Structures are given as C-alpha cells and as structure tokens.
Amino acid sequence: GAVVSQHPSRVICKSGTSVKIECRSLDFQATTMFWYRQFPKQSLMLMATSNEGSKATYEQGVEKDKFLINHASLTLSTLTVTSAHPEDSSFYICSAQRTRDFYYNEQFFGPGTRLTVL
Amino acid sequence: GENVEQHPSTLSVQEGDSAVIKCTYSDSASNYFPWYKQELGKRPQLIIDIRSNVGEKKDQRIAVTLNKTAKHFSLHITETQPEDSAVYFCAASPSGGSNYKLTFGKGTLLTVNP
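For the protein sequence lines, the chains are D and L, in the order given. Going by our numbering, the first residue of the first sequence is number 342, and it counts up by one from there. Going by our numbering, the first residue of the second sequence is number -4, and it counts up by one from there.
Source of the hints: derived by calculation from the structure; they are not laboratory data. Misleading hints may appear alongside valid ones.
To be verified - These stretches of chain L come out as covered by chain D in the derived footprint (C-beta under 8 angstroms, 3 or more residues):
| hint | segment |
| --- | --- |
| 1 | 31 to 39 |
| 2 | 100 to 106 |
Unchecked claim - Here are the simulated distance ranges between beta carbons:
| hint | chain 1 | residue 1 | chain 2 | residue 2 | range |
| --- | --- | --- | --- | --- | --- |
| 3 | L | E0 | D | F380 | 11 to 21 angstroms |
| 4 | L | K37 | D | K361 | 19 to 29 angstroms |
| 5 | D | C354 | L | D12 | 42 to 52 angstroms |
| 6 | D | K407 | L | Q55 | 35 to 45 angstroms |
| 7 | L | H67 | D | R441 | 21 to 31 angstroms |
| 8 | D | Q383 | L | S7 | 16 to 26 angstroms |
| 9 | D | K355 | L | Q55 | 46 to 56 angstroms |
| 10 | L | H67 | D | R455 | 27 to 37 angstroms |
| 11 | D | S359 | L | Q76 | 39 to 49 angstroms |
| 12 | D | L459 | L | H67 | 40 to 50 angstroms |
Computed from a prediction, not measured in an experiment: that's the story for all the values here. No residue lacks a Cβ here, since even glycine has one placed at the ideal position from N, Cα and C.
Starting from the given sequences, assemble the full structure and let the hints guide the process.
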C-alpha cells in the first residue's frame, strides 16, 4: 500500500509555456498533499501544502501565481508551472499524507518530475 | 519554525561495517521523525520512523534512536551492503491535526564500498 504516482516523469518545454504535473495517491485517500522542489545534490524544499477542497498554503518566497496548485479530489493534486523560465528547471516531487490517526501521519512520495525549460 | 541539522554530509564505510547518521532539531513541538532513503534520480523512500513516545525503534538492520531532551535522533545501519549506498534524509514534524509539514535535513550521502 501507500503508492503515489506522478505524471509526467520528464518534461521539456520552451520558455514562456505552462506545464502541469499531476500527483495521485493510488491506494489511499489524501486530504493533504505536498509539493517539493529539489535541486541537484540538495535537500527537498517544501513549496506548498495542498489541501483538498481549499486553497493551497505556500511557503515563504514561493510565488503562488507562478506555481498554481489544485487539489480537486482526495486522490489528485496538480501543480502548474506558469510561464516557465530556465530557472524553473528542477526536480519536482509531490508527497501524499496518509493519516493513521489524529497523531500519526505519514508522507509517501511520488517518483518526481524532471522539468527542463529551454 | 523548525530547523533540522544533519551530520555528516558524506559518509563512506566498508561493506559489513555500521553507519550512523545524526540529526538535531530545534522545535520542541516536533514529535514525529522519519528517515528517507533516496537513490539518484528516484523518489525518497520512507525506511523507518519514530514518534516521540518511544526512544528506539528497530527494523532488521536499521534502527533509529531519539533523545527528546537533547533534541537529537540518529539512524543506525548495521552490516552495511553496497545497495545501502544512497542519500539519507532525516526529517522532523509536529504530528497531529489535519496536516503537518516535514522539515528535512540536508542529507547524508552514504557510500558502502565492497
């Protein structure tokens, strides 16, 4: 159990275009999902918390108008990178939170999306 | 907010030796401490976690210890194998409620030499 998928795995786009990344929890419901960004040889940097049925919560310094998040159902969250530029090139990873009880939540990660903006 | 420090940044051991990675955290409200293993280009995989109501947890060759008073926790891998080579991340968060955030350490690149 606890499988999270992410699509696409790789995407190459031209500067100025928008890219949508999907994150799905396949065998559990996730009211909360998270979006991270990871640069080579660095740790995971939380970008935003995605809550089903409500607006996402963005971390300080992350532009909410550039990184649009939609959590349309209990198994799907999407991240859209709008007007992408080369500096947006990175590895984007989502995670889905599985709740065992009020005090015990686990995060399971998707396989990541490698975005390259030309 | 929470701050997690992780040491060492790189660790090289011989096959069969033990490896220890240490993390400290700053927020006394944190009470959930997972460890993730990430191979190059792959997703982080949860390998073990510990909650603050226990001091130690073991799963085969992997163990985690927690000292809440000192605000530090450690990952212990015994009888290391080449396939243990990866980047390991510790994390901390408060648990409870509808959602929580993980704060990650900067990672430890573990290399197990055959």
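Assessment of proposed distance window 19 to 29 angstroms (beta carbons of K37/L, K361/D): holds, 22 angstroms
Determine whether the Cβ-Cβ distance between H67/L and R441/D falls within the hinted range of 21 to 31 angstroms. For H67/L and R441/D the Cβ distance comes to about 25 angstroms; the hint holds.
Assessment of proposed distance window 35 to 45 angstroms (beta carbons of K407/D, Q55/L): holds, 44 angstroms
Counting residues of the segment 31 to 39 of chain L that have a beta-carbon nearer than 8 angstroms to any beta-carbon of chain D, does the count reach 3? With 5 residues in contact (Cβ-Cβ under 8 angstroms with chain D), the coverage given for the segment 31 to 39 of chain L holds.
Do the Cβ positions of H67/L and R455/D conform to the proposed distance bound of 27 to 37 angstroms? holds, 34 angstroms
S7/L and Q383/D - C-beta distance against the hinted 16 to 26 angstroms: Given range 16 to 26 angstroms: holds, Cβ gap about 20 angstroms.
Please check whether the segment 100 to 106 of chain L has three or more residues whose CB lies within less than 8 angstroms of a CB on chain D. Holds: 3 residues of the segment 100 to 106 of chain L have a Cβ under 8 angstroms from chain D.
Starting from the range 42 to 52 angstroms, see whether the pair C354/D and D12/L falls in it by beta-carbon distance. holds, 45 angstroms
Verify the CB-CB distance for L459/D and H67/L against the hinted window 40 to 50 angstroms. holds, 44 angstroms
Cβ distance range 46 to 56 angstroms for K355/D and Q55/L, holds or violated: holds, 48 angstroms
If I claimed the Cβ atoms of S359/D and Q76/L lie 39 to 49 angstroms apart, would that claim hold in this structure? At 44 angstroms between Cβs, range holds.
Between E0/L and F380/D, does the beta-carbon spacing fit 11 to 21 angstroms? This hint holds: roughly 19 angstroms between Cβ atoms.
The structure shown violates none of the earlier numbered hints.
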